[in-house]
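J.: Fit chain L to the given chain F structure using the hints.
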Amino acid sequence: MTLSEGPATVPLLSVRGLTKLFGSFAACNAIDLDIAPGEIHALLGENGAGKSTLVKMLFGVLQPSAGQILWQGAPVTIASPGEARRLGVGMVFQHFSLFEALTVAENIALSLDPKISLARISDEAASLSKAYGLPLDPQAHVADLSVGERQRIEIVRALLQNPKLIILDEPTSVLTPQEADRLFETLFKLKAEGRSVLYISHRLEEVRRICDRATVLRHGKVTGACDPKQETPASLARMMVGSDVAEVHRDKAAALGDIRIEVSNLSVPARTPFAVSLKNVAMKVRAGEVLAIAGVAGNGQGELFDALSGEYPVAEDEAIRIRGKAVGRTGINGRRLLGAGFVPEERHGHAAVSAMALSDNLLLARSQSDKKAFLSGGAFSVIRFDAIRSATRRICEAMDVRKSGEDPQAGSLSGGNLQKFIVGRELDRQPSVLVVNQPTWGVDAGAASRIRQALIDLARSGSAVVVISQDLDEIFEVATNIAVICEGRLSEAYPAGALTLERIGLLMGGIHEGHSIPETAHAH
Amino acid sequence: MRIELQKRARVSTLFSVLSPLLALALTLLFGAIMFWLLGKNPVSALYSFFIEPLLEVWSLHELAIKAAPLILIAVGLSVCYRSNNWNIGAEGQFTIGAITGSILPVLYPTWHSPLILPLMLILGMIGGALYAGIPALLKTRFNTNEILTSLMLVYIAQLYLDWLVRGPWRDPQGYNFPQTKGFQIEAVLPEILSSGRAHWAFIFAIAAAVALWFMMRFMLKGFEVSVLGQSERAGRFAGFSARRMVWFSMLLSGALAGLAGISEVSGSIGHVQPVISPGYGFTAIIVAFLGRLNPLGIIASGLVLALTYLGGEAAQLSIGISDKVSRVFQGLLLFFVLSCDTLIHYRVRLIFAGTKTAEVKG
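Those protein sequences? They're chains F and L, same order as listed. The working numbering numbers the first residue of the first sequence as 1 and each following residue consecutively. The working numbering numbers the first residue of the second sequence as 1001 and each following residue consecutively.
If you are wondering where the hints come from, they were derived from the structure by calculation, not from laboratory data. Honestly, I wouldn't trust all of these hints.
Said to hold, decoys possible - Taking lysine-lysine pairs in the BS3-like style, the calculated list, with each CA pair at most 30 Å apart, reads:
1) F/Lys221 <-> L/Lys1007
2) F/Lys371 <-> L/Lys1221
3) F/Lys372 <-> F/Lys325
4) L/Lys1007 <-> F/Lys403
5) F/Lys115 <-> L/Lys1007
6) F/Lys221 <-> F/Lys191
7) F/Lys191 <-> F/Lys130
8) L/Lys1221 <-> F/Lys372
9) F/Lys403 <-> L/Lys1221
Only chain F is shown next, with the shape it has when bound in the complex (with noise of 0.2 Å):
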């Protein structure tokens, strides 16, 4: 690396007026920003910012409309990702392309160079993954790893390419506290190697303990560039919303009212190899209630909601009761008539279909819970698409959703505006108990403070909301009580003021387990 020729150091990526165009829609809008040699450089910005936009323009995905990109000081097309990687790029999306089913060492084998032996590859990766902390098998298959692990197979297989420039999307949404301090070593001792990282995060406080300087953008434009050690988490945000985010208020003292939901001796078997089994799980939440489940990835959360949502319903009856009726054999839409709602994990070909339009995907959630105001015809089942799409526009609204058109796809929207829609379709319908599985997973900081001051609200108004959830500080800001999964079990519920972060992480890494800690059992 010859970076440090003269005193005044060349940029190693530099942007100038960098705009792309979709119609006459400017997704960036003549972004400038600088990358020194060795810095960590952080990108933030809500959801539908263009920070996206940006970086797939950066790693050669998409073609600017306008402006110029430097490298070391010489202006460079980055026509493909194989030229930003021959360039010293490397890039860690949010969401891994990995085979579940084939090896570490063999996914890493899968972007490189066909000739290369798959022995040196796992040599190299093992060095590699010691020589910056990121402790990773070659041998082992990706289905048992953590999401945790996963990422860095993605980091490592960045790093094998040995970049000037690393890209980090969104990399701490999916770890634990203390997965995300390992990384945050990691990025350290590649910023004492001289590379230099851009961090796109919506974490303002951990981009202000690990970034030297912060580029933020709102609407496709730069709105400001700061050192973010100097700024406060809300000086931040106001860059980022342009107003001050709305902090979520709740009432301490809500009186709780009748047993809304209340699941008893659940346990299921795990479906497939790589899934795990829920093993005796016990909870109640009451009406004004919010249960919050937290726990480290791949620990049962998604079992739990299948069971909980009936997407998989479950062998044994009274395991489950909504509402006082046992419907642990009832299916999704039974369980929605029965006035329940829920919220999926995964945005995308779970809780809506990308290539369909927002009415549709309102339809999807809603065609037998709103049979009498969406469908009509009797045995035709005409689906009414004027009472479905005057559905869609009051969502929007009440959820400020923002969109390209009138009904553009689900696929078009930005997670954020694609989760607010999501949860919405949900609350448009009162529901008296919601089941919600990571409400703000990878959501911009103001759709993720509306999302969970509508799930109080929700609770407020007499509803019993279950979210289960990664986020610790989302689980602090919204929650009444405090469940804690792990491999398949859960914890009893603490009341919130109960437990501090040392308690939780203790629970989440399974210390309850066998003989649980001794006063809980007399919490209740």
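T.: Relative to chain F, chain L alone:
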């Protein structure tokens, strides 16, 4: 060196619409080259292949006769394919439909009643549906691949038909020809107009296409088909069952193929014989894709493919080349339809070994 397909960031709407026409134009171009290589005048050959059959009333009737089974089968297949179930065995369901529909006239040749024709049509649909039910059962029960099972069942159906008409169903007074007795007049599907042979199968085809278009466009069932076809998980979230959709789409397409089979035997042939179809069940796959899996588009593409059959016959007579030419045209058309669609979604890149190595250690 290797060839890679790279997904395009944006798909041109213009070319998505033009794609079937582009495929048609390329087929004609390559057809002309083929005629030229065969030593024929390409212009007059194409004329007698594609234009001449459209100039006479009787041959328009023949066009309707050939288009009817293609459209009937293809609209059923379009629902199947939209729901991500790949029924390739319509030819077999067509054959079984023809057999079950013919039970009444073959076994009760003296039964003269207006009831016989509707019963035959219903039996034909049931037969086709049940035969398509075999791959559906295998798929839902044992997770087998319906492409393979439905395709293999085609050959079983064809051999069963062959055995029937050479054995138990053979007409004793038929001079040992392998065919059944001619159907009684009440068992023959009537003509639509007095001007030619086209029979009611064409009406059935149009009605089925319009009905399924309505279902796919306006009914919750059609929505269910598209959702499950695009994402099984989202379908499960909506409370739709992928397993039931396998049954629905396979039985529906089987029933329509069976209806096409019995209509062909009853309306066009008048008895059962070892070969009752020039491959309608397979050609219908091309029809379905050329029609963009849209039932109304399929009416148009069904007529185009019917023309290749007629043209093949005409070319045999007027320019003296084998009617295999029509199969060549159908193959060219399917190839160009699929490749146009692929190139709309992907761009082709040649990757040379040299550039790739540079990429790794650069």
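J.: Each hint needs a verdict: does it hold in this structure or not?
T.: Structure-based check of each hint:
{"no.": "1", "hint": "F/Lys221 <-> L/Lys1007", "in the structure": "holds, 28 Å"}
{"no.": "2", "hint": "F/Lys371 <-> L/Lys1221", "in the structure": "holds, 13 Å"}
{"no.": "3", "hint": "F/Lys372 <-> F/Lys325", "in the structure": "holds, 23 Å"}
{"no.": "4", "hint": "L/Lys1007 <-> F/Lys403", "in the structure": "holds, 24 Å"}
{"no.": "5", "hint": "F/Lys115 <-> L/Lys1007", "in the structure": "holds, 25 Å"}
{"no.": "6", "hint": "F/Lys221 <-> F/Lys191", "in the structure": "holds, 27 Å"}
{"no.": "7", "hint": "F/Lys191 <-> F/Lys130", "in the structure": "holds, 17 Å"}
{"no.": "8", "hint": "L/Lys1221 <-> F/Lys372", "in the structure": "holds, 16 Å"}
{"no.": "9", "hint": "F/Lys403 <-> L/Lys1221", "in the structure": "holds, 28 Å"}
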